[in-house]
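Listed in order, the protein sequences are those of chains B and A. Here the numbering used here is used: position 250 in the first sequence is 250, and no number is missing along the way. Here the numbering used here is used: position 46 in the second sequence is 46, and no number is missing along the way.
Be aware that a few hints might be false.
Sample of chain A residues lacking proximity to chain B, with all beta carbon distances greater than 10 Å (derived) [to be verified]:
| no. | residue |
| --- | --- |
| 1 | VAL76 |
| 2 | ASP83 |
| 3 | ASN92 |
| 4 | VAL98 |
| 5 | VAL135 |
| 6 | LEU236 |
DSBU-like mimics (lysine-lysine), calculated; alpha carbons at most 35 Å apart, straight line [as the list claims (entries may be wrong)]:
| no. | chain 1 | residue 1 | chain 2 | residue 2 |
| --- | --- | --- | --- | --- |
| 7 | A | LYS273 | B | LYS260 |
| 8 | B | LYS260 | B | LYS43 |
| 9 | B | LYS43 | A | LYS128 |
| 10 | A | LYS128 | B | LYS261 |
In short, the hints are calculated from the structure, not lab data. Cβ atoms here follow ideal geometry from the backbone N, Cα and C, with glycine treated the same way.
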Amino acid sequence: MTRFVLGRIGFCTLIAVLLAFFTIPLLWLVTAPFTSDPSYEVKVPDFTWDNFQAVVEHPYALPSLYNSLVLSVGTAVLVVLLAALAAYALSRVRLPGRDALLYALLLLSSIITGTAAMVPLFQLAVELNLIDSHLGLILILTGGLLPAAIFMLKDFMDSTPKSYEESARVFGASPLQIVRHVVVPLVRPGLATIGVWALANVWGNFLMPYLLLSDVEKQPAAVITYTLYTEGGQANLSMLSTFGLLYSIPVVLMYLFVSKKYGFRFHGGIKR
Amino acid sequence: MAQATSPPEVVKEDARTRRGYSSDAAGLGSLRAGAFVAPALLLIAAFLVFPALWVLYLGLTNYRLTGAAAAEPEFVGLANLLDAVFNPTFWNSTWLTVQFVLGSAVIGQVVLGFTIAWLLRDRAGPLKRLVEGLVILAWILPSAVVSFLWVALLDRDGGTLNALLGIPGFPWLLDHPMLSIIVFNTWRGTAFSMMLYGAALGNVPPSHLESARLAGASGWQQLRDVVFPHIRGHILTNLLLISLWTFNDFSPFLLTAGGPDGRSEVLAVHVYKVALQSGELGYGAAVSTIILLINLVVAVFYLRLLRSKK
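Bound conformation, chain B alone (with noise of 0.2 Å):
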């Protein structure tokens, strides 16, 4: 009996802590842009809207957020039409070199990363003048999303049955046909979730739109919040809680989505 009494405080103390932990910084945010001349403190916040106002009134604020937009939803469609493409053909036909070909994007997209790829990345951008274009950024931004986006969806078309296609065909569709009205609706779930999965990425993403925007208008809300944060010293802070609070809302009303659409969890293995 001691033993489960025991048992129970420490498990109750242990939840206690964690919660402590993942709920304590988090505080800040959601108090800070209610509070009228918030500093680092957290205080019960008097529920003005001023700092809101400001935000809205700032140069940059509101259209880093549209940048933020712009990047994430065109890397997400070009992400999930190119790697569907690729994933369809390379689980449905059996190209020369594909095994190593699949070998390859995998090892590639776990060694090559911003932090290895950033000098030669900088410099491509400049040799190619895409330096502060959104779409220089996208392109690369996909680049780099591809070969994980390529295997997580071909996991997922070989798992969909293809006597759909084959009954299509008997019924004299032409393979593009096939493609955009069998294929296409039967693999949604897993185009959603690498969409998804693209944006939420590319939202957040710092390094990459750090490098390669220098001007203040183009940049996504990932470099304005840290400009915000350095410029002239001082960090603004009811700028920069409100603000976070803004560019946080859409990834976690994303996940509400997701895990309430698909699950947000494991099954089996690591991904799906």
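Given chain B, put chain A in place with the hints provided.
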């Protein structure tokens, strides 16, 4: 760049495809299939493979961002690599990176992630959802936001941590920069390990645990003799992936910018500072080459283990 999502099922996949999933049901044909794959491969080649190869070449030149060497870089062979090897700053960064990976990934995220998964293993309901939701929240918020949250938390005068501990004025980021980024990254990344171990623990047959319990095994003995042997593969996958990610993580820069005096300048930050702030692109590329090589070793090791497991 991409948070590499490394699928451990790849090898199994191949076995499955060989059993007939690979047939060309839509009658695509090799030519069209090639056209389907080409655009993706082109982008990967241009923005992933080429930069990686280019970094190898750059590391052998004295290329700089500005000045004479910017116009006409010269081939200097292994000079940059030797520079790095004899440069105490490089070794300092390497050592800090080792601390960062061991402290925040191997110890912090794995232990904390497993502990949470274990504590919540047969629970359902609001408590589980609350804990998991908070842990995942720390993982999905943009890094620019969370790093600033930690700047606020650790602030010497108004920061919540000092207020809670009753030690106003204690400069965490100045006095303990490494500890700060290690705890920060543990907080940030535990979700992945938690979810992975949560899934892994679901695969441990309850009957095995039950019989261990009936045989009088203590909690620790159950863990050691029943649970760990079952999830060994997951532990390995988890360790390698999070080590790789932490090793390449740039977010310490957002918290401490490598300072004070380079005391939290992990390799990722070191490359950025020497290459893009000081403009020594050649030397930075040589350090990048070393990072690539370490990544390669870890990844090959990982794939080997996966293959041998099947």
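Evaluated hints:
1. VAL76: holds (15 Å)
2. ASP83: Since the minimum Cβ distance to chain B is about 15 Å, ASP83(A) lies beyond 10 Å and the statement holds.
3. ASN92: Non-interface label on ASN92(A) holds, nearest chain B Cβ at 17 Å vs cutoff 10 Å.
4. VAL98: The claim stands: VAL98(A) keeps its Cβ more than 10 Å from every Cβ of chain B (closest is about 16 Å).
5. VAL135: violated (6 Å)
6. LEU236: The claim holds: LEU236(A) sits with its nearest Cβ about 12 Å from chain B, beyond 10 Å.
7. LYS273(A) x LYS260(B): violated (42 Å)
8. LYS260(B) x LYS43(B): Given that 35 Å is the threshold and the Cα spacing comes to 33 Å, the pair holds.
9. LYS43(B) x LYS128(A): Between LYS43(B) and LYS128(A) the Cα gap is close to 28 Å, so the pair holds against 35 Å.
10. LYS128(A) x LYS261(B): Given that 35 Å is the threshold and the Cα spacing comes to 19 Å, the pair holds.
Checked against the numbered hints above, the structure violates hints 5, 7; every other hint is satisfied.
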